[in-house]
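Protein chains: 2
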Amino acid sequence: MYFPQFIPYSFIEKEASHVEGFSPELALVTIGGGKELEEKLVVRPTSETIVNHMFTKWIQSYRDLPLMINQWANVTRWEMRTKPFIRTLEFLWQEGHTAHATLEEAEKEAMQMIDVYTKFAFEHAAIPVIPGRKSRVETFAGANRTYTIEAMMGDKKALQAGTSHNLGQNFSRAFGTQFMDENGQIEHVWQTSWAISTRFVGGIIMTHGDDAGLMLPPRIAPIQVIIVPIWKKGDEKAVVVEAVDSVQKILKEAGIRVKVDDSELRTPGWKFNHYEMKGVPVRIEIGPRDVTNKSVVVSRRDVPGKQGKEFGVSMEPSILVNHIKGRLDDIQASLLQKAITFRDSNIVDVSSYGELKEAISEGKWARGPWSASDADELKVKEETSATIRCYPFEQPEGTKKCFMTGNPAEEVAIFAKSY
Amino acid sequence: MYFPQFIPYSFIEKEASHVEGFSPELALVTIGGGKELEEKLVVRPTSETIVNHMFTKWIQSYRDLPLMINQWANVTRWEMRTKPFIRTLEFLWQEGHTAHATLEEAEKEAMQMIDVYTKFAFEHAAIPVIPGRKSRVETFAGANRTYTIEAMMGDKKALQAGTSHNLGQNFSRAFGTQFMDENGQIEHVWQTSWAISTRFVGGIIMTHGDDAGLMLPPRIAPIQVIIVPIWKKGDEKAVVVEAVDSVQKILKEAGIRVKVDDSELRTPGWKFNHYEMKGVPVRIEIGPRDVTNKSVVVSRRDVPGKQGKEFGVSMEPSILVNHIKGRLDDIQASLLQKAITFRDSNIVDVSSYGELKEAISEGKWARGPWSASDADELKVKEETSATIRCYPFEQPEGTKKCFMTGNPAEEVAIFAKSY
Chain V
51 MYFPQFIPYS FIEKEASHVE GFSPELALVT IGGGKELEEK LVVRPTSETI VNHMFTKWIQ
111 SYRDLPLMIN QWANVTRWEM RTKPFIRTLE FLWQEGHTAH ATLEEAEKEA MQMIDVYTKF
171 AFEHAAIPVI PGRKSRVETF AGANRTYTIE AMMGDKKALQ AGTSHNLGQN FSRAFGTQFM
231 DENGQIEHVW QTSWAISTRF VGGIIMTHGD DAGLMLPPRI APIQVIIVPI WKKGDEKAVV
291 VEAVDSVQKI LKEAGIRVKV DDSELRTPGW KFNHYEMKGV PVRIEIGPRD VTNKSVVVSR
351 RDVPGKQGKE FGVSMEPSIL VNHIKGRLDD IQASLLQKAI TFRDSNIVDV SSYGELKEAI
411 SEGKWARGPW SASDADELKV KEETSATIRC YPFEQPEGTK KCFMTGNPAE EVAIFAKSY
Chain G
51 MYFPQFIPYS FIEKEASHVE GFSPELALVT IGGGKELEEK LVVRPTSETI VNHMFTKWIQ
111 SYRDLPLMIN QWANVTRWEM RTKPFIRTLE FLWQEGHTAH ATLEEAEKEA MQMIDVYTKF
171 AFEHAAIPVI PGRKSRVETF AGANRTYTIE AMMGDKKALQ AGTSHNLGQN FSRAFGTQFM
231 DENGQIEHVW QTSWAISTRF VGGIIMTHGD DAGLMLPPRI APIQVIIVPI WKKGDEKAVV
291 VEAVDSVQKI LKEAGIRVKV DDSELRTPGW KFNHYEMKGV PVRIEIGPRD VTNKSVVVSR
351 RDVPGKQGKE FGVSMEPSIL VNHIKGRLDD IQASLLQKAI TFRDSNIVDV SSYGELKEAI
411 SEGKWARGPW SASDADELKV KEETSATIRC YPFEQPEGTK KCFMTGNPAE EVAIFAKSY
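Protein chains in written order, with our numbering: chain V, 51 to 469; chain G, 51 to 469.
Same shape as in the complex, but just chain V (with noise of 0.2 Å):
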């Protein structure tokens, strides 16, 4: 579906958190086609209200549930101070949003969500994001329940990933948005939104990237082989030319996304540092000896220097394949792994607040037994910076202790500086 941008400014009133938690973040269009307007619009910052306004008048009997619907879009929230990708005043992303006749359909949707979002972050994109519950401080303004995917990026700080509410009742309860049940009894719908963002992409930038540049994870890389080829003299050329293209079709009918590069505008040494930037993950070599050898060099974007780079590996087609594609999955493997025993040595099991101000000033995330109030809450994060990033799905068993109260605790949180 497809849904304005604009947004009349009583739509996003109507909520009363909602219109709390956005508005110090909207941006206001009030002049139109040369005329001051009667009423201001809001550029979306999200779209649960006028999504709200049209499922009210779609929606009437249970037969019209669960009516589910997503949208890909640009969204605008105000910031004052901008990073790329991660904190931008205009994003990218798509947005979920469900109607259901029952709480339970609506908790089990935003759950069905959440988990999609984390294996796409672990299978694809070779991020080990924690997922879990945010606390009711850092929950979505006009949610119940808020879970989100929580990455640990280079210089380990946190990144919200992708996030997924349970809403309730609240809009359908602002917006009248209501169904007859099967027994003839008008109920208020209960409602999910999920959403994950171009803020994804800075999450793989900052999770696999070095001082060179992108390290793509395979599986999402849109090139996975890039091709150079090498000649110095005239003659060498036209059979190096010929060995390439042939590499790069038997790849290609493999299913492989590679793409040649043989501009002669740019060296090859330009090349590889080029490509190295963009993150390719798998780089091939082709020069006359190669040709003469029935062989290629291959190196890995994640393996710097030679330890990184095979030499004389066969042109034989079903060879070729199979080595590349083992490549390829060593390098998805190899950079989830690193990930994860990069995220475990940094986050810290603390029993009291010291140590987690201990572990937060060593940059570090903590994670300890809490069951304190909001207002600890708010005190930890202006004493040390760190908010709760989640109470994580997965949960140590027995009876705990809150780290900051002593009282007892039903969860572990996790804590830590974030974007």
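These are calculated hints, taken from the structure and not from any lab test. None of the values given here were measured: they were computed from a predicted structure. Mixed in with the good hints, there may be bad ones.
Since the list can't tell identical chains apart, any single copy or any two copies may satisfy a pair.
Mimicking SDA-like on lysine to any residue, the simulated pairs with C-alpha atoms at most 20 Å apart in a straight line are [stated by the list, open to error]:
#	residue 1	residue 2
1	Lys451	Arg393
2	Lys90	Phe56
3	Lys309	Asp114
4	Lys85	Leu139
5	Lys85	Tyr59
6	Lys207	Gly259
7	Lys328	Met51
8	Lys359	Ser345
9	Lys356	Asp260
10	Lys309	Lys388
11	Lys90	Val125
12	Lys90	Leu78
13	Lys85	Phe56
14	Lys90	Glu75
15	Lys321	Asp114
Add chain G to chain V, keeping to what the hints say.
Leaving out everything else, chain G in the frame of chain V:
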């Protein structure tokens, strides 16, 4: 690529005819993050200015050319009277922007893109557009030349369905977008831009639709075949469902986009109407008797009533797949042919202004030799509401006499009322 949608007002002002053309249609953000902005921000009506702002930074040398980018985005143009899909305050489009070293290369690119749009219209949307060049009066604000594809809707109004512009050096001079050529000379780049929008969706609806709803050409139909199972008694269900599953699988494996509607909340009759309204090209019904006969009932969306209905089409996989593929091809060809016949029977060749007035008053398009002034063109608009849609690329041979002035005319132009 993706460029920001908020463009500083000062950018828009840099190209004189651009700001003149677009300023009446702008939406302006004047408040951000709760504060009055120092410089108003334009919500992009098109992106030439912000693209050139970046091209100026990115382009240094002939090695950087051609630079060709595309973005899929929303754009905003203030409209007093909106019309779904055709004139909307916000719409979605792709916009391409290119920079070249020579005028010839830019002209070739602009022509290539209008050809791409023409092919898409004919081959996929079954819309027999007329490609041509816009008159000076109708040329894009900031372009030297605008190419267009013009489509005749069901009410015989003309729809400008896609455009491609040769921008010359207008924006590169305004923004100082320069490059060093192979001889070390500094030159301004030559540019093009081209776009097709969600307006095209309106074109599809209004070319093929009828009183029962949409009629989608099979090549672009999201659902090409809808299967409606029919059973009355409980014991019929299992056998019908089994046959439906098997037919769905057969068609899916053959690459046909097929959907089954087995909801028990709606009757078959409701479903028939629903998927006709949605424009699904082919409907398959399967009831208990069909299962016994190992056959299905096939209906065409574009042929109403019994004439479009075939009974006893065999369920045998290869026969069924061939039959359905054949029907989809028939429908695609038939929709295009019907639209061509409609178009051609509603274009009148005129040799005087009186004949033009008569044709236009009958709601038809008028085609005739034209070499009169911009003022004459505006007079025609004022007196008949018709504008020059294009000088079609396909021109009659021989000498011609302008139907307005009697002077020699090199080309015929097409006049019509438009949206």
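Hints and how they fare:
no. : hint              : in the structure
1   : Lys451 <-> Arg393 : neither (25 Å within a copy, 79 Å between copies)
2   : Lys90 <-> Phe56   : both (9 Å within a copy, 17 Å between copies)
3   : Lys309 <-> Asp114 : between (47 Å within a copy, 19 Å between copies)
4   : Lys85 <-> Leu139  : between (25 Å within a copy, 14 Å between copies)
5   : Lys85 <-> Tyr59   : both (17 Å within a copy, 16 Å between copies)
6   : Lys207 <-> Gly259 : within (15 Å within a copy, 55 Å between copies)
7   : Lys328 <-> Met51  : between (33 Å within a copy, 15 Å between copies)
8   : Lys359 <-> Ser345 : within (13 Å within a copy, 61 Å between copies)
9   : Lys356 <-> Asp260 : within (17 Å within a copy, 68 Å between copies)
10  : Lys309 <-> Lys388 : neither (27 Å within a copy, 44 Å between copies)
11  : Lys90 <-> Val125  : both (17 Å within a copy, 19 Å between copies)
12  : Lys90 <-> Leu78   : both (6 Å within a copy, 11 Å between copies)
13  : Lys85 <-> Phe56   : both (16 Å within a copy, 19 Å between copies)
14  : Lys90 <-> Glu75   : both (15 Å within a copy, 17 Å between copies)
15  : Lys321 <-> Asp114 : between (56 Å within a copy, 15 Å between copies)
Consistency with the previously given hints fails for numbers 1 and 10, ordered from lowest to highest.
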